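Next come the chains, spelled out residue by residue.
Number of protein chains: 2
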Amino acid sequence: MGKSNLDLVCECDNFPYYEDDRASYTANLTNYHTFKVTGYDATLGYILNSVVEKFPWSPNCWAIDSTARTVTLVAPANADPALRSKLVAESIAEAVRQDKFEVLRGWRNEKYPVYGPGGEFLLDMERCASPLFGIVSYGAHMTCYVEDAQGLKIWVPRRARNKQTYPGLLDNTVAGGMCTDEKPFECIIREAMEEASLPEAAVRAATVSRGCVTYSHVRDARAGGETGLIQPEVEYVFDLKLDSQTIPTPGDNEVEEFKLLSIPEVQEALARGEFKPNCANIMIDFFIRHGYLTPENEPDFLEIVARLHRRLEYPTASHCAR
Amino acid sequence: MGKSNLDLVCECDNFPYYEDDRASYTANLTNYHTFKVTGYDATLGYILNSVVEKFPWSPNCWAIDSTARTVTLVAPANADPALRSKLVAESIAEAVRQDKFEVLRGWRNEKYPVYGPGGEFLLDMERCASPLFGIVSYGAHMTCYVEDAQGLKIWVPRRARNKQTYPGLLDNTVAGGMCTDEKPFECIIREAMEEASLPEAAVRAATVSRGCVTYSHVRDARAGGETGLIQPEVEYVFDLKLDSQTIPTPGDNEVEEFKLLSIPEVQEALARGEFKPNCANIMIDFFIRHGYLTPENEPDFLEIVARLHRRLEYPTASHCAR
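Protein chains in written order, with this note's numbering: chain A, 751 to 1072; chain B, 751 to 1072.
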């Protein structure tokens, strides 16, 4: 008996919900400090108490309140994102020097943005440090598929066996994290070339935005590094219907191979737990949008749809050019 | 300056969220009693305190606890759904006799089901009474569209001017509430014939399940009757692509006329507030699924997607034949 679709969704969206058990939700929150920035009345992330204890907070730019359980970046009133990011980067660099955290050994040299109320860009930080601060991270995931007389088939890559996170698991056709200043559509175009060698013009012309999947993940051992870190995520979702002549092929060292799988083959791989957890969510969302999972064949339909679209309790980005 | 898409979504999903303001959320709940059934540890709905005061609760089958703020249907331990439904029906009939509530003047002679934990069917009650008890109601909404060289157009009906609720407003092509024992797909087939005169075989063959939209609505004057009643709803979503020869026409007295509107025409009507509120949600969901609203042209994209898929804090139905 394999994993149900709800099992898969719950593995990814595994931070508790207030309405399920008010007392236990509130008790769980006492394991965390809230991450704040002076001048902004918003929780930007949750930091595990054990991280707060170990992190080499410089008193020059951090205020720790262990009663209110807050960690506040104290920047001058006229601070801009560049200054805030510099202060955070120096603190993270010190944590790296002292080799305080396993997750910091996986340095990516990519910057992840942090947004305040109204989607204001506040600062950015090295990608691998983001789970320590529990900030919302953003990515774009695309499912490439072909449709013929036998039905719909999906191009499914297997992650390289030497990847730092989730090695050897199945993934979405194209997926990537969005760095500071990157927009969802351009992120997908770039990743489609880098990871899947898909021709830019064809991808640009036929890629369709289909919504997003959001969840709040508490990391376990499979993610590598410290466990219990909160990682709220937004994954913008795209579909791309390919003709039978266009074959994705690995373009960098991230992907081992691409296989064209039927819907039942993808469903069996999901039930065996072969997909990277958040990629399973994207597949389940695809099946719902394309009519393969319905209220009449999926017993947990309503819970699944809601948990694929969790309302995050933090300020989030707007990628819209207003 | 018309209504934004977020304005529209917030009009429909207007019950507060805990994470936005914990104190005000908790304070707001003191305006309601929870609706329970003996033997089940679940909140089945919220009943406005003023309704609790006015309703002619028979002490034979109702226990009111004004400290815990609960209204509990007290049925024998061996009660089945038929007995519970009979007790509720007798109580509602007494409220009708005493003409206690405006909403009960809109008798529909349709039964809405109430589900307990695990999707167990507990009882049903007359449709027009459901907002008094704040129970989750279920419906199915379908968008019929045509696609040609000029792009996609949507068949939009206008509600009859003499409808009890939301007269004269724009609606989804086919939509209806789901009574006890009805399944989403069969509900849409039935409504497509009744409301839009669409041929059953064509609808059966080409209708595609696309997910669901969920929200928690607090009724205002436009719904008719008492205001402040909570109406949590699940709307199963379907799409049907029609050829240019298939023209929906009013089949009963619910619809005044159908018009084929372009995407910009629908968007303008939405901004003018011409759609029935929950039908606006279904249109916005359609635009997201079909790539017309994207993270890069809709400033409130993330908030909109989450609020179109609210996780309801009540047990809900499973329409799956397990």
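None of these hints come from the bench; they were simulated from the model.
Heads up, a few of these hints could be off.
One copy or two, either will do: identical chains are not told apart, so a pair holds if it fits within one copy or between any two.
Straight-line Cα separation of at most 27 Å, DSS-like style, residue types lysine-lysine; simulated pairs [as the list claims (entries may be wrong)]:
no.	residue 1	residue 2
1	Lys836	Lys991
2	Lys836	Lys753
3	Lys933	Lys753
4	Lys913	Lys903
5	Lys804	Lys861
Just so you know, these numbers come straight off a predicted model, no measurement behind them.
We went through each hint and held it up to the structure:
Proximity of Lys836 to Lys991 under the C-alpha cut-off of 27 Å is found in neither arrangement, the shortest distances being 42 Å within a copy and 53 Å between copies. Proximity of Lys836 to Lys753 under the C-alpha cut-off of 27 Å is found in neither arrangement, the shortest distances being 44 Å within a copy and 40 Å between copies. In this assembly of identical chains, the alpha carbons of Lys933 and Lys753 lie at most 27 Å apart only when taken from different copies (26 Å versus 34 Å within one copy). Taking the closest pair of Cα atoms, Lys913 and Lys903 come within 27 Å of each other only inside a single copy of the chain (26 Å); across copies the shortest separation is 46 Å, beyond that limit.
Proximity of Lys804 and Lys861 under a CA criterion of 27 Å is satisfied intra-copy only: 23 Å inside one chain copy versus 59 Å between copies.
The structure fails to meet hints 1, 2 from the earlier list, while all remaining hints are met.
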